[in-house]
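**Q** Protein chains in written order, with my numbering: chain F, 4 to 99; chain Z, 107 to 582; chain Y, 2 to 492.
Source of the hints: derived by calculation from the structure; they are not laboratory data.
Hints may contain errors.
Calculated pairs, DSBU-like style, for lysine-lysine (alpha carbon to alpha carbon, straight line, at most 35 Å) [said to hold, decoys possible]: (1) Z/K175 x Z/K319; (2) Y/K400 x F/K42; (3) F/K42 x Y/K350; (4) Z/K562 x Z/K575.
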Amino acid sequence: MAITREEVLHVSRLARLSLSDAEAERLREQLGNLLDYMKQLDRLDTRDVVPTSHAVEMGTPFREDVVHPFGDREALLKNAPDREGDFFRVPRIIED
Amino acid sequence: MEFEAVIGLEVHAQLATESKIFCACSTKFGASPNENTCPVCTGMPGVLPVLNRKAVEYTVRTALATSCKVQRRSVFARKNYFYPDLPKAYQISQYELPVALGGHVDIELDGGTKRIGITRIHMEEDAGKLVHEGEFAGAQASLADLNRCSVPLMEIVSEPDLRTPEEGGAYLRRLRDILVYLEVCDGNMEEGSFRCDANVSVRPKGQKEFGTKAELKNMNSFRNVEKALEYEIRRQIEVIEDGGRVVQETRLWDAGAGVTVAMRRKEEAHDYRYFPDPDLLPLIVEDAWIEDLRKTIPELPAEKVARLAARYGIPKYDAGILASARALADFFEASVAHYAGSPKTTANECVHWKDAILAGRLSPETIAHAVEDRETGAISATASKKLVELVLETGKPIRTLRDEKGLTQLSDTSALDAIVDKVVAASPKEVESYRNGKAGLLSFFVGQVMKESRGKANPKVVQEVLRKKLGDGGPS
Amino acid sequence: MENVPVHQWSLLEAARRVREKEISSRELTKALLARIEVLNPKINAYITVLPERAMAQAAACDEELARGAPRGPLHGVPVGLKDIFCIRGVRTTCGSRILHNFDPPYDAAVTTKVLAAGAVLLGKQNMDEFAMGSSTETSHFGVTRNPWDLSRIPGGSSGGTAAAVSAAMCFAGVGTDTGGSIRQPASLCGVVGVKPTYGRVSRYGMVAFASSLDQGGPITRTVADSARMLSVIAGYDRRDSTSVDLPVPDYLAAVDKPVKGLRVGLPREYFEGDGLDPAVRAAVEKALKALTDQGATPVEVSLPHTSFALSAYYLIAPAEASSNLARYDGVRYGYRSEGASGLIEMMSKTRAEGFGAEVKRRIMIGTYALSAGYYEAFYGKAQKVRTLIRGDFAKAFGKADVLLTPTAPTPAFRIGEKTDDPLTMYLSDIFTIPCNLAGIPGLSVPCGLSASGLPIGAQLLSDHFREETLFTAAGAIERAVPVPRVAPLTG
C-alpha cells in the first residue's frame with residue numbers, strides 16, 4: 004500500500020516523533036509493506052461481526068467515593084527532568 | 107436581510123465527589139501544587155484507572171433530571187493528544203457510546219416556555235493546570251500542577267436550539283440550578299466548576315441550512331457568555347453583510363475588550379484517534395439502579411416554580427427567585443407552614459433576607475413570626491426589619507426581642523382611643539379645619555398620635571380611629 | 002539429586018531446602034549472585050542486578066525462618082523479574098533509554114505478591130524495548146544471548162528472563178506475554194513459560210504495551226515450578242479493572258494428574274505451510290505421542306481464521322501501544338532531550354531520541370491505524386477479526402480439552418538474522434499470537450532438541466481459566482520427554 008511521505012510526516016507529528024529524512028523514507032517503505040500484508044483482512048466479510056473492544060466480558064468494576072491520599076508527593080516529583088518547587092517545569096509552546 | 111443566530115452550548119460540570127474519577131485522590135480545591143496526586147492521575151508507567159461509582163450516580167441523576175435516556179451500556183474512550191497538563195497524553199472520555207442521550211431543559215422567557223434539547227451527556231476526566239512562569243509573555247517555561255487531573259467532569263451538549271444570547275443565559279442558569287439542586291455540582295462559573303463553550307453561527311431567517319459556526323471559549327460567567335454571544339452574532343452578521351464568509355475557527359472571548367478574537371496558535375488538525383479504552387470495561391447501568399436513582403431526584407426548579415406559584419398564589423417571578431436555591435424555597439415553605447396568613451409577604455421577606463437564610467442564620471419560625479406580627483398589626487414594617495436584624499445579631503427569638511425592646515405596636519383600638527382623644531383635644535383648630543374639608547390634615551393627626559405614642563401606634567389603626575372620631579374630613 | 006549443583010535445583014527443590022534449613026537463603030542468594038557475575042557479561046540477561054538488596058533480603062529471610070515465621074511458598078528463594086514490573090526504589094527501564102533512570106513511586110502487584118511469598122529479588126531482567134520484539138535485540142541495554150548458543154537470540158520480548166532461567170541465574174522469573182513474549186523465548190531457551198488467561202494476573206504496575214493483550218506469567222525450568230509461581234502471582238486485584246475475581250485453584254495439584262481421556266486437539270492450520278521447521282514438527286509429534294501414550298485422545302480441530310491473526314494483532318497491539326506510550330513525553334519522568342526550543346520540539350526530540358527503531362515503527366503503525374479515515378479499515382476491522390478468532394477457539398474447545406501446537410516455527414535464529422525486515426521478525430509469533438487475541442491461556446513446555454541441539458517447545462492452549470489442564474498436559478509431556486533444563490554451555 005503506497006504511503007506518501009506527507010502521510011508519514013503527518014503521522015509522526017500526531018505521534019510527536021521527529022524523524023530524519025532517512026528514517027521517514029525507511030518508515031514509509033516499511034509501513035507500506037506492513038499495511039499491504041494487513042490488507043489480507045479485507046478478504047474477510049465482517050459486516051455482521053461485533054468488534055472485540057474489550058478482552059473481558061463484564062461491566063467495569065466501581066470504587067467507592069472515599070479519599071485515600073497517596074501521601075508522598077516527593078516520590079512523584081523526584082523523577083522530573085525539570086522541576087520548580089513542587090511544579091513540573093516544561094518549555095513554553097512556541098507560537099508561530 | 108434578516109438574520110437569525112443558531113447557538114449550541116457545551117457545558118463541562120465538575121462533579122462534587124470527594125475523590126477523583128479514576129483514583130482515590132482528593133478533589134478538594136486549593137491544595138498546594140501537586141499535593142492531590144498519585145501515580146494513577148500523574149500517568150506513571152504501569153498504572154490503571156478504576157471508576158468512581160459516585161461519579162456515575164451523579165451523571166445518571168443528571169440525565170434523569172434532564173429527561174435523557176440513560177444508556178444501559180456505555181464505553182470509555184481515549185482522546186489522544188499531547189499537552190503537559192495531560193499526564194497520560196490521553197483523556198479518558200466517552201465518544202461513540204455516552205452514558206446518556208436525547209433529553210431537554212425547559213427555560214422561561216418573556217413569551218413563555220421554550221424547550222432546549224440536550225444531545226448527550228457523558229463522563230470524562232479533567233486535565234491539570236498549566237501556569238506560565240513569571241508574569242511576562244517572554245517567560246521561557248510553564249509549570250504544571252496536576253491536582254485537577256482526573257477530577258470527574260460531566261459534559262452536557264445542547265442541541266443547537268438556542269436563538270438568542272438571552273436564551274443562552276436562561277438555559278445555562280436553569281441547567282446550573284438543576285445541577286445544584288441535585289447536589290452534583292457547585293455550579294460556580296467563576297471558580298471553574300461549571301464551564302461553558304459555545305458554538306455560534308448565523309443564517310438568513312427562513313434558511314434551513316446552518317451557517318458556518320465558530321466555537322467560543324474563555325467565558326467565565328453567565329453574563330460573559332451572553333455578552334460574547336451578542337458580540338459574535340453581530341460580528342458574523344457584519345462579516346456576511348460585508349460580502350465575506352465566516353471562518354470555522356475557535357475564538358476566545360476577551361472580556362476586557364468586549365470582543366472575540368481568533369486563536370493565534372496555528373490550529374493543528376485535531377485527530378484525537380478515539381478508541382475504546384482497554385483498561386476499562388463497558389459501563390453497565392442496570393435498570394434497577396436507574397430506578398433507585400430516579401427516586402432520589404428532588405422536585406426540580408421548573409416544577410418547583412410552578413408549584414410554588416400555584417399553591418401559594420405568589421407571582422411566578424417571586425417563585426423563580428425562591429426556586430433559585432433549593433434551601434431558600436424549602437425555607438419559604440417551612441415558614442408558610444408556621445404562618446400561612448400572607449404567603450406573598452413571606453415570599454418578599456425570604457427574598458429580602460436571602461443571604462442570611464442561605465447562610466443558615468435564620469429559622470423559618472423567625473420569618474413566620476415576623477410576618478404574622480406584621481399582619482396582625484402587632485409590629486410595624488420598620489420594626490419587623492429591625493427585629494430580624496437583632497435576631498441576626500443576638501440569636502435571640504424574635505418575639506423575645508420584640509417584647510424586650512418594646513417594639514410591639516399599639517394596635518389595640520381601645521388603647522389608642524385615649525391617645526387619639528388627647529391629641530384631638532390638644533389641636534382644636536386643626537380639628538375644625540379638617541372637619542371643614544382639609545382631609546390632608548389626617549396625616550397631621552396621625553403624626554401627632556405617633557409622636558405621642560413614641561412611634562408605637564399602628565398608623566393604619568390610628569387612621570381608622572381618627573376617622574371614626576373625626577369623620578372623613580369634609581362636611582358630613 | 003545430591004550431586005546437582007545448587008543453582009540447578011528447581012524452584013520447588015530450592016524452596017524445600019531453605020524451608021528445611023538444609024541451606025540458608027544467604028548461601029543460595031550468594032551462589033546465584035556469583036553465577037550472575039560470571040555469566041551476565043556473556044549473556045546479558047540482567048539489566049540491573051541488586052546484590053546488596055538481595056543479600057539484605059536473604060538475611061531477613063533467614064532470620065524470619067529462624068523465628069519460625071516464613072512468609073510464603075517462595076521463602077528465601079532468589080528469583081528475577083522482567084524489567085517491566087515496577088519496584089519502588091529500583092530503577093525500572095522497560096529496556097528503554099526513555100526510562101533509563103525511572104524510579105517508580107510504587108510496587109507492581111506482581112512485585113508485591115512475589116515478595117509477600119518470601120522470594121529474594123536478584124534483579125531486573127532484560128527485554129525487548131517496551132516488550133516489542135521477538136528476539137530481545139531491541140533493548141537499549143544490549144542484546145541478550147541464548148545460553149544454548151551465544152550467537153543466537155533467546156527469543157523475546159522476555160528473553161532476559163528466559164535466558165536467566167535457562168542459565169540458572171535465578172530459580173524462576175516472571176515475564177510478560179502480549180503476542181508470545183513468554184512462550185516463544187521459553188521455547189527457544191528450553192524452559193517452561195506460561196501466559197495465563199487475560200485477567201488472571203493483575204496488570205497493576207506492569208508497564209503497558211498493549212492493554213487488552215498483556216499478561217504477566219512465570220518462566221521456570223519445570224512445569225511444577227510454573228504452577229507454583231502462577232499460584233503466587235495470580236489473583237484478583239481491585240486496582241486493575243480488567244482483573245477477574247475468580248478463586249485461584251491449586252495449580253500444583255494439576256501437574257501430576259493423569260491425562261487419560263484428555264482430548265488433545267491439533268489445529269490443522271498450525272501444521273500446514275512451509276514455515277514450520279521439520280525438527281519442530283517432529284518434536285511436537287513426540288509431545289503428542291507422549292500424551293496419547295498416557296491415554297489422551299487426539300482430535301482434529303480447525304481454527305480457520307488463524308492466518309489472519311498476525312495482521313489483526315499487528316494492528317491492535319501497535320494501536321494500543323501508540324496510546325500507552327504517549328505518556329513518555331519528557332515532562333514528568335525519564336529521558337528529556339536537551340536544547341529543544343519550545344514544548345513541541347522537546348517532546349518530539351525526546352521521543353525520537355528516547356525510543357528505539359522498533360518502538361517507533363509500532364507507534365507509527367498504531368497511530369496510523371487509529372487515525373481519521375483509517376480507523377474503520379484498520380483498527381476497527383482488526384477488532385472484528387479478533388472476534389472471529391475468539392469464535393474459532395470457542396468452537397474448538399467444544400471438541401477438545403487442550404490444543405497442542407508448535408510454540409515457534411523454528412528454533413532460535415542467529416542474532417541479527419531477522420532485524421532487516423520487520424515482517425519476517427513478526428512471523429516468529431505466528432503460533433503464539435492467536436491465543437492473546439482470544440484471551441485464553443497458553444503454555445510452552447520443552448519437547449525436544451533440533452539436530453544442532455537447540456531447544457524446541459510445544460505449545461498447549463486451553464479455554465479461559467483452565468490453566469490446570471495446561472499443567473496436567475505439560476506435566477505428562479515433561480515426564481515422558483526429558484530435555485535438559487539448564488543450558489549445557491553454562492552448566
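**Q** With reference to the structure, classify each hint as holding or not holding.
**A** Status of the hints after comparison with the structure:
Note on Z/K175 and Z/K319: the hinted pairing holds, with a Cα-Cα distance of about 28 Å set against a maximum of 35 Å. A threshold of 35 Å between alpha carbons decides the hint, and for Y/K400 with F/K42 the separation of about 32 Å falls inside it, so the pair holds. For the suggested pair F/K42 and Y/K350, the alpha carbons sit about 32 Å apart, so the restraint of at most 35 Å is met. At most 35 Å may separate the alpha-carbon atoms for a hinted pair to count; Z/K562 and Z/K575 meet this at roughly 20 Å.
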